[in-house]
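Colleague: Listed below, chain by chain, are the residues.
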Amino acid sequence: MKKFQLGEFEEIVLLTVGVLYDEAYGVALKQEIENRLDRKVSVGAMQSALRRMEKKGYLASRLGEVNKKRGGKPKRYFTITSFGKQALEHSKDVRTDLWNSIPEVALELKII
Amino acid sequence: MIKRWTDKFFKWFCHPEYYPDLMGDLEETYKDNLSENPRNAKWRHLFSVIQLFRPTLMKPAFDKPLINDNGMLKNYFKISVRNLVKQKLYSSINVLGLALGLAAFLIINEYISFERNYDKFFSDSKDLYRLTTDQVQDGVVGTRDAMSFSPSGAVLTNELPEVLNYTTTFKFPELVFRHNDQVRYEKMVVGADSNYLRLFDYQLIRGDSKTALEEPNSLILTESKAKSYFGDSNPIGQEIEVLSSFNKPFKVTGIMADVPENTHYKFDILMSLKSIQNQLNTQAWSGFNYYTYLKMDPLADPSMVQKKLDGLLQKHVGEEINLEYNIQAVESIHLYSDLTFEPEIHGNHQAISFLVLISIFVLIIAWVNYINLSTARAVDRAKEVGLRKVIGAHRKQLVAQFFIESLLINFFGALLAIVIAELTLPFFNSLIEKEIAHHLWNNLEFLITVLIFFLAGTLVSGFYPALVLSGFKPVAVLKGKFRNSKQGVLLRKGLVIFQFAVSITLIAGTLIVGHQVKYMQSSNPGFDMNHVIGFANPRVPGDQVDALEEKLLLFYDDIISHTSVKSAGSSSVIPGGGSSEIGSMSGGVKIVGVKDRMEGTIYTQFIDDRFNETMGLQLLGGRDFNRNLITDSSSVVVNEAFLEQLGIRNLSDAIGEYIQFGQDPENEKFKIIGVINNFNRTTLKNPIEPTCYFFDAWFNTRSIPRIINSVVRLEGASYLEGMAFVEKSWSRFFKDVPLDIVFLDERFERLYKEDKRFGNVFGSFSLLAILVALLGLFGLSSFMAIQRTKEVGVRKVLGASMGQIVLIFYRDFLALIGISAAIGFPTVYLVMNQWLDGYAYRVDFPWWLLVIAGLSISLFALITVGYQTSKVASLDPSKTLKYE
Numbered sequence: 000m001k002k003f004q005l006g007e008f009e010e011i012v013l014l015t016v017g018v019l020y021d022e023a024y025g026v027a028l029k030q031e032i033e034n035r036l037d038r039k040v041s042v043g044a045m046q047s048a049l050r051r052m053e054k055k056g057y058l059a060s061r062l063g064e065v066n067k068k069r070g071g072k073p074k075r076y077f078t079i080t081s082f083g084k085q086a087l088e089h090s091k092d093v094r095t096d097l098w099n100s101i102p103e104v105a106l107e108l109k110i111i
Numbered sequence: 000m001i002k003r004w005t006d007k008f009f010k011w012f013c014h015p016e017y018y019p020d021l022m023g024d025l026e027e028t029y030k031d032n033l034s035e036n037p038r039n040a041k042w043r044h045l046f047s048v049i050q051l052f053r054p055t056l057m058k059p060a061f062d063k064p065l066i067n068d069n070g071m072l073k074n075y076f077k078i079s080v081r082n083l084v085k086q087k088l089y090s091s092i093n094v095l096g097l098a099l100g101l102a103a104f105l106i107i108n109e110y111i112s113f114e115r116n117y118d119k120f121f122s123d124s125k126d127l128y129r130l131t132t133d134q135v136q137d138g139v140v141g142t143r144d145a146m147s148f149s150p151s152g153a154v155l156t157n158e159l160p161e162v163l164n165y166t167t168t169f170k171f172p173e174l175v176f177r178h179n180d181q182v183r184y185e186k187m188v189v190g191a192d193s194n195y196l197r198l199f200d201y202q203l204i205r206g207d208s209k210t211a212l213e214e215p216n217s218l219i220l221t222e223s224k225a226k227s228y229f230g231d232s233n234p235i236g237q238e239i240e241v242l243s244s245f246n247k248p249f250k251v252t253g254i255m256a257d258v259p260e261n262t263h264y265k266f267d268i269l270m271s272l273k274s275i276q277n278q279l280n281t282q283a284w285s286g287f288n289y290y291t292y293l294k295m296d297p298l299a300d301p302s303m304v305q306k307k308l309d310g311l312l313q314k315h316v317g318e319e320i321n322l323e324y325n326i327q328a329v330e331s332i333h334l335y336s337d338l339t340f341e342p343e344i345h346g347n348h349q350a351i352s353f354l355v356l357i358s359i360f361v362l363i364i365a366w367v368n369y370i371n372l373s374t375a376r377a378v379d380r381a382k383e384v385g386l387r388k389v390i391g392a393h394r395k396q397l398v399a400q401f402f403i404e405s406l407l408i409n410f411f412g413a414l415l416a417i418v419i420a421e422l423t424l425p426f427f428n429s430l431i432e433k434e435i436a437h438h439l440w441n442n443l444e445f446l447i448t449v450l451i452f453f454l455a456g457t458l459v460s461g462f463y464p465a466l467v468l469s470g471f472k473p474v475a476v477l478k479g480k481f482r483n484s485k486q487g488v489l490l491r492k493g494l495v496i497f498q499f500a501v502s503i504t505l506i507a508g509t510l511i512v513g514h515q516v517k518y519m520q521s522s523n524p525g526f527d528m529n530h531v532i533g534f535a536n537p538r539v540p541g542d543q544v545d546a547l548e549e550k551l552l553l554f555y556d557d558i559i560s561h562t563s564v565k566s567a568g569s570s571s572v573i574p575g576g577g578s579s580e581i582g583s584m585s586g587g588v589k590i591v592g593v594k595d596r597m598e599g600t601i602y603t604q605f606i607d608d609r610f611n612e613t614m615g616l617q618l619l620g621g622r623d624f625n626r627n628l629i630t631d632s633s634s635v636v637v638n639e640a641f642l643e644q645l646g647i648r649n650l651s652d653a654i655g656e657y658i659q660f661g662q663d664p665e666n667e668k669f670k671i672i673g674v675i676n677n678f679n680r681t682t683l684k685n686p687i688e689p690t691c692y693f694f695d696a697w698f699n700t701r702s703i704p705r706i707i708n709s710v711v712r713l714e715g716a717s718y719l720e721g722m723a724f725v726e727k728s729w730s731r732f733f734k735d736v737p738l739d740i741v742f743l744d745e746r747f748e749r750l751y752k753e754d755k756r757f758g759n760v761f762g763s764f765s766l767l768a769i770l771v772a773l774l775g776l777f778g779l780s781s782f783m784a785i786q787r788t789k790e791v792g793v794r795k796v797l798g799a800s801m802g803q804i805v806l807i808f809y810r811d812f813l814a815l816i817g818i819s820a821a822i823g824f825p826t827v828y829l830v831m832n833q834w835l836d837g838y839a840y841r842v843d844f845p846w847w848l849l850v851i852a853g854l855s856i857s858l859f860a861l862i863t864v865g866y867q868t869s870k871v872a873s874l875d876p877s878k879t880l881k882y883e
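Those protein sequences? They're chains A and B, same order as listed. Position 107, counted from 1, in the first sequence is what numbering that gives the first Met the number 0 calls 106; the numbers after and before it change by one each time, with no gaps. Position 96, counted from 1, in the second sequence is what numbering that gives the first Met the number 0 calls 95; the numbers after and before it change by one each time, with no gaps.
Note that these hints are calculated values from the structure, not bench results. Given the structure is predicted, the values throughout are model-derived calculations rather than measurements. Among the hints, a few may not be true.
Okay, derived cross-link-like pairs now, BS3-like style, lysine-lysine, Cα gap no bigger than 27 Å in a straight line [what the hints assert, rightly or not]:
hint	chain 1	residue 1	chain 2	residue 2
1	A	K54	B	K10
2	A	K72	B	K7
3	B	K492	B	K472
Computed far set for chain B versus chain A, every beta-carbon distance over 12 Å [claimed, not checked]:
hint	residue
4	Y17
5	G236
6	W284
7	G576
8	D595
9	K881
Selected chain A positions facing chain B (Cβ under 7 Å, derived; list incomplete) [to be verified]:
hint	residue
10	V26
11	G43
12	S47
13	R50
14	R51
15	R69
16	R75
Ideal placement from N, C-alpha and C gives every residue a C-beta, glycine not left out.
Just chain A, with the same shape it has in the complex:
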């Protein structure tokens, strides 16, 4: 059995990389997550999640263009690998499975 280890925050970062597709680099990612989740994100937490996932093989990266605003430093664009996609799907499946398994009564009770 394959094992995909994906934390909640990691999953969010990974998904956001997917959302931004070709434009997924540090600053943009942070902004996107903050806008969508409506909460502050620590650069450190995000960056270390990115590097960790890159090591695990969920992400690939390439260095982009250099511009002046960035003090002559390149951007690092991240893209999801197929392995990363599998991990995301796995995680989604688990959730759907869980959702489906909840007896309707439980949910209805909640509504009342």
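Position chain B relative to chain A; hints supplied.
Modeller: This is chain B only, laid out in the frame that chain A set:
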């Protein structure tokens, strides 16, 4: 600025692979922020960098260029461990020696810092000074007294701007306390004014420290005292009756924690000073019996204040007084103050310096062991070094290798030292009879000391071996022509000589200390102190003294009627007390018509007509007091020392003459009626006090103690029965008054406690030093013996007996011990002779003890060497020479 430093910091810790893009991101965000909110952009930048400061994004702990060295480092450790394991005996000798040395050093260090930190726990301890009184005559300082006049504190605070505050205290000799049916002698009662707790900031557990000592007849108890009187009930507001001269109930107004061990002024109970206001009023400027403490302005210069004190007493007391004020820092009292009437037996900075020396020597001996053993083993390691060099090792790398070996050994030594120190601490505490600490291992300061000396030890002990071992020439050692270098052998011999010289010095020093203490205990104090007991008489107010005296006489008559009681008498002091127990006069004396006024302290004791007989003192001339002669109320008996001080050779010159005390012509009425032999009232460290004995019916004022103690001589064979009878009779005569019997010989014994303790501490650590040195010798001799295995084999083949072979080895070591003795003996003489000079009664320098010290060291050394060499000498030459 902040931005620049932040960037530098980021570059320093960031993983180089991630750095460019992360820095780019940071820069981009910073620029955005800068346009939005220029003020805090740099702070947000810093905040981001701090957020990025996490292990995943950091560079690996060892940088790339280090990785190779890292591997080598691992290798050094591996080789070192293998070497240590291979040579189990040497390694364990080294570790054990270092551990013992370091443990001894650490414990002494702990003790020294305990002694040096006396009185430093008060918040203002640096600004606190004690006011003392010197007797100065024509510029010559005579007796220096720790006490001062009671109004002094207030006067100085008024007159000198540098003195901010003061407190006046009075240490009661002994008071009887009664609560319900408990009656107790309290020996540690201090009368203190309400300023006391402001200067010495003891915190009260209950009660208000500002007002607790305000009212007359109030008491502050320490926690344990409160518990002993009141158990668990709340003592505040309760009453304790103070008998002895007060006979009044006192109110408990405060409870404080027990006074710690490390203060010079200890007490169990504080009494408000106002309770003795009468005594203060009458004594004012006529008796300096008070401990006064001043709080100085932190900015004031104590030496300037000292100058201002000159002549102040004359201003208040009168021109003719020959006393001067002096101040001493409270922090230094315990170790450096040596005045009369100190509140407790003080420490001794000389003993502390001795201990510092011993501790350093023990440590050095341990380090020397390591140096000796590892250089002696050089032959073993020579080939290894040669080969390493051939393969291409740099000298630096070899040095590193040997340093790591020394690091490992020192590390294990330090670990073991902590364990040893922790385990032996309780023994040490009981040796010095003080609790310097409960535990050591959890004491940060202690661990830091361990760390420092572990590193120092590594450097000191590792340096020379590393230098020597790494310096071998590969060609020479690999050819097999290697021998220990001449300088190396010389150095090793020098170090062994050093070790033995120190050992001899220490052992001889210990023996001499023991000898002196024994001498003091066994020398004739001028009277037979065996089976003499002393106890305090009931204390009564002044107007009842006469009645008490009559009752006491009946009591004496009653007890001497028993066959086991020889005689009984009373005195103001029981012999065998400290120097502060006896009264003294410093006004100078004159024998009318015989001698002009002589300055100097004269001690005064009040006795009855039976005291001399009871003590077994000899009357050298004249007569003893006679109760039936009323004129004896103005007679004095003096001792030989008194006449000596006045320069009178012939007893008959003095007997029948009159003494004038001070300069009051009225005081001419005392007639010398007798002279008794000198006897040691206190420790033999002090010379015999020139003493005047007054018939105790004379002074009829409340402030002078009369008939406050009794001495009773019992029959040696049946003294227990006699004592039982005294107790029985006492309870018949003085119901409700506790009887606290002390044996005089035990009292004298106690005087030498401090000296004995010093001897014990000195002795234990000397022993340890010697043990460490012998341990080193054990290793060294075993090594040397093994090295000479072949030589021994050849000798045996040529017909040498085992005894002859062992003798050859002995010759070398005996020569070393001889040189050590030549260095050690003069050192011992210089140091110990000076130490002995501190005693008024000292032994002649005991040369024979030096010989004993030298012989015992030789004996130990020969046993150690003999064991190792005989092992080698007993080997079969056919085996040892097989490969030749």
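Colleague: It remains to establish, for every hint, whether it holds in the given structure.
Modeller: Tested hints:
For a cut-off of 27 Å, the pair hint linking A:K54 to B:K10 stands: about 22 Å separates their Cα positions. A threshold of 27 Å between alpha carbons decides the hint, and for A:K72 with B:K7 the separation of about 16 Å falls inside it, so the pair holds. In summary, the hint linking B:K492 to B:K472 is supported, as the alpha carbons are separated by about 24 Å, within the 27 Å threshold. The claim that B:Y17 lies off the interface is violated: its Cβ sits roughly 7 Å from the closest Cβ of chain A, which falls inside the 12 Å cut-off.
No beta-carbon of chain A is positioned within 12 Å of the beta-carbon of B:G236; the least distance is around 61 Å. With a least beta-carbon separation of about 77 Å from chain A, B:W284 lies farther than 12 Å from that chain, consistent with its non-interface assignment. With a closest Cβ-Cβ approach of about 74 Å to chain A, B:G576 is found to remain outside the 12 Å limit, as its non-interface label requires. A cut-off of 12 Å between C-beta atoms confirms that B:D595 is not in contact with chain A; the least separation is 94 Å.
Every C-beta of chain A lies more than 12 Å from that of B:K881, the closest at about 63 Å, which supports listing it as non-interface. Among the interface hints, the one on A:V26 holds; its C-beta lies about 5 Å from the nearest C-beta in chain B, closer than the 7 Å criterion. Taking 7 Å as the C-beta cut-off, the interface hint given for A:G43 holds, the closest approach to chain B being about 3 Å. This hint holds: A:S47 has a C-beta 4 Å from the nearest C-beta of chain B, less than the 7 Å allowed.
Annotation: A:R50 was flagged as interfacial toward chain B, and the flag holds, the nearest CB pair being 6 Å apart, inside 7 Å. Annotation: interface hint on A:R51 holds; nearest CB of chain B at approximately 6 Å, less than 7 Å. At a threshold of 7 Å, the smallest CB-CB gap from A:R69 to chain B is about 4 Å, leaving the interface hint in force. Because the smallest distance between the Cβ of A:R75 and any Cβ of chain B comes to about 4 Å, under 7 Å, the interface hint for this residue holds.
Against the hints set out earlier in the document, a violation occurs for number 4 only.
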